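**Q** Quick mapping for you: the protein sequence lines, in order, are chains G and Z. Read in order, the letters of the first sequence correspond to residues 1 to 222 in the working numbering. Read in order, the letters of the second sequence correspond to residues 223 to 586 in the working numbering.
Calculated from the structure, these hints are not laboratory results. Quick caveat, the model's predicted, so the values are computed rather than measured. It cannot be assumed that every hint is accurate.
Only some residues are given here: those of chain G computed to face chain Z with a beta carbon under 7 Å [said to hold, decoys possible]:
hint, residue
1, H76
2, H79
3, R119
4, Q123
5, R125
6, L127
7, G128
8, P141
Every residue gets a Cβ at the ideal spot worked out from N, C-alpha and C, and that includes glycine.
Spelled out, the chains give:
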Amino acid sequence: MTAQEWQLIGFTAAMALLSTALILPFGVLLAWLLARREWWGKACVETLVALPLVVPPVVTGLVLLKLFGRRGILGHWLHEHLGIDVVFTWKAVALALAVMSIPLLVRTVRSAIEEVNPRLEQQARTLGAGEWRVFFTITLPLAKRGVLAGTLLALARALGEFGATIMVAGNIPGQTTTLSVAIYHSVQLGQDERAGMLSAVAVLLAFLALGASELILRRRKI
Amino acid sequence: MSAQLHASFVKRFAGGTSIQVENLQTPADPRITVLFGASGCGKTTVLRCLAGLERPDAGRIAFDGQIWSDAEKHVFLPARARDIGFVPQDYGLFPHLTAERNVAYGLCQMAPRQRHLRVAETLEWIGLHGLAKRLPRELSGGQQQRVALARAMARRPRLLLLDEPLSALDAPTRQGLRRELRGWLRHFAIPTLLVTHDRQEAVALGDHLVVMHDGRVIQQGLLHEVFSRPGNLEVAGILAVETIQPGQLVDCADGLATIAVNGMRLIAMAEDLPVGTRDVFVCIRAEDVMLSIGEDAHASARNRLPGIVRDLTRDGALVRVELDCKFPLLALLTRQACQELSLAPGVAVHAVVKAQKIHLIAQA
Numbered sequence: 001m002t003a004q005e006w007q008l009i010g011f012t013a014a015m016a017l018l019s020t021a022l023i024l025p026f027g028v029l030l031a032w033l034l035a036r037r038e039w040w041g042k043a044c045v046e047t048l049v050a051l052p053l054v055v056p057p058v059v060t061g062l063v064l065l066k067l068f069g070r071r072g073i074l075g076h077w078l079h080e081h082l083g084i085d086v087v088f089t090w091k092a093v094a095l096a097l098a099v100m101s102i103p104l105l106v107r108t109v110r111s112a113i114e115e116v117n118p119r120l121e122q123q124a125r126t127l128g129a130g131e132w133r134v135f136f137t138i139t140l141p142l143a144k145r146g147v148l149a150g151t152l153l154a155l156a157r158a159l160g161e162f163g164a165t166i167m168v169a170g171n172i173p174g175q176t177t178t179l180s181v182a183i184y185h186s187v188q189l190g191q192d193e194r195a196g197m198l199s200a201v202a203v204l205l206a207f208l209a210l211g212a213s214e215l216i217l218r219r220r221k222i
Numbered sequence: 223m224s225a226q227l228h229a230s231f232v233k234r235f236a237g238g239t240s241i242q243v244e245n246l247q248t249p250a251d252p253r254i255t256v257l258f259g260a261s262g263c264g265k266t267t268v269l270r271c272l273a274g275l276e277r278p279d280a281g282r283i284a285f286d287g288q289i290w291s292d293a294e295k296h297v298f299l300p301a302r303a304r305d306i307g308f309v310p311q312d313y314g315l316f317p318h319l320t321a322e323r324n325v326a327y328g329l330c331q332m333a334p335r336q337r338h339l340r341v342a343e344t345l346e347w348i349g350l351h352g353l354a355k356r357l358p359r360e361l362s363g364g365q366q367q368r369v370a371l372a373r374a375m376a377r378r379p380r381l382l383l384l385d386e387p388l389s390a391l392d393a394p395t396r397q398g399l400r401r402e403l404r405g406w407l408r409h410f411a412i413p414t415l416l417v418t419h420d421r422q423e424a425v426a427l428g429d430h431l432v433v434m435h436d437g438r439v440i441q442q443g444l445l446h447e448v449f450s451r452p453g454n455l456e457v458a459g460i461l462a463v464e465t466i467q468p469g470q471l472v473d474c475a476d477g478l479a480t481i482a483v484n485g486m487r488l489i490a491m492a493e494d495l496p497v498g499t500r501d502v503f504v505c506i507r508a509e510d511v512m513l514s515i516g517e518d519a520h521a522s523a524r525n526r527l528p529g530i531v532r533d534l535t536r537d538g539a540l541v542r543v544e545l546d547c548k549f550p551l552l553a554l555l556t557r558q559a560c561q562e563l564s565l566a567p568g569v570a571v572h573a574v575v576k577a578q579k580i581h582l583i584a585q586a
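Produce the complete structure using the sequences and hints provided.
**A** Next up, the structure:
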């Protein structure tokens, strides 16, 4: 493999890890809110979070492009006040991966939290524990397998993302090109051998992440 | 008797059922209050409301002058601020923490060294020495119950709430633990409210008794007073024993125990009495008491107690006869039997009870 290809793999892995790290705290908090609290607009948020799973990724990418472009509501604000441009940079890659993988994280963590017996949380409260302590010492440890599995699932999803990424980040070699985008590009240029090799790397990465997730979920529960 | 806990509240459930508690009081001394009633009568809900895990829909709960819940004023003190110990029926042990760390969970306010000492001392007291590093799933049911009790008592809470603490255990474990539990409650001197549907458990552990039926509190008072003077037939039916009297063991020989009750001597079976017992409760069901006038009847029965009929109450085909045999004794007779003996208030009779029909419960 050439240095350019190693850069490609490194960049894709780094972006996937970054996006997963970004959605982790937010995703776990959201999963907890959905599992344990009743609030106004809950059904709406539930739908919104699940949407990227079913909407064509290209459409999700288009929505992000419109929102974060210079003339988009969020993009305009970010450019004016913070001087940050998102679209067609590595930030757009991380954004696309985060949006596309958060549904898997939230769903897995939510069902893991729902499986924790709420009576144990109540028990902790009778022992003087506040909500934060209950969450970090009871809920999270008892749901930790689900949190780990969800994180790995989200990571696997991020590694292979294509549709949303190409819409919002484009294909700028060395700057925004990810593994999936590079495979597509290689095929278009007729470089079948390169496409095949990169595909093999992509499959290997996804296999490792998914395999680890399965292993964690299958292990005997406490 | 100064009341410590005052509770009058209503908790409604979807589907129309509701739990109604009117003027529930637990005294600071004597300390152990038993909330007694059949399964499903709402005892657990009462406990959960007191623990702050359920929010009453109306009424108020106050403890030691502090308001825990007042639906009208929208006051609700959450469970963590009530300083209680709550042991649910399934123990509620944290499955991912060792026995030691379960017990330490409620002690996070203490300095690490003190906390360590407190945990070790509590585990030692409660007979879990050497099991500190075990996870709950590596402990037997009885040991798990000990950990749960240790965890609740280690904090020295102001009020201990125990939900059917011994019901999930097998009979031998239960009897052993019952005796120990009474000792621990004495030792730690924590006011306790204990829920049970087991009469023996109630009598062996309680000082004060609150009887519940169909989601309502129907009688409360000192344990032996409620047992010996049920306010109505409903209460008597729930308690299922009409006469319960404190007495002293005078002699024990050949499997028979001699008990003194208000100067009257009774003979009973001595089985199941722990060694060294002195104070006991004598339990006699009304249908086991026979009455005779004259001398010779029922010569085989060990107990012939002279007494005077105080009152007669019709109860369907039966009549409840209240006797005074130096202690109040209840008998249940058919109406025909009453007529044949021409029973009326003031008549002198002999109450006849077989030794094996007198049940003794040790007062710990």
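**Q** Now, for every hint given, state plainly whether the structure supports it.
**A** These are the hints, each one checked on the structure:
Here the hint on G:H76 is broken, as its CB sits about 45 Å from the closest CB of chain Z, past 7 Å. Interface hint status for G:H79: violated, as the beta-carbon distance to the closest one in chain Z is roughly 46 Å, over 7 Å. A least Cβ separation of about 6 Å between G:R119 and chain Z falls short of the 7 Å threshold, and the interface hint therefore holds. Because the closest C-beta pair between G:Q123 and chain Z is about 4 Å apart, less than 7 Å, the hint holds.
Look at G:R125: its Cβ gets to within about 4 Å of chain Z, closer than 7 Å, so that hint holds up. Evaluation of the G:L127 hint against chain Z yields a held restraint, the C-beta minimum of about 3 Å falling below 7 Å. A cut of 7 Å between beta carbons decides the hint on G:G128: the least distance to chain Z is about 5 Å, and the hint holds. Annotation: G:P141 was flagged as interfacial toward chain Z, and the flag holds, the nearest CB pair being 5 Å apart, inside 7 Å.
The structure fails hints 1 and 2 (numbered hints given earlier, in ascending order).
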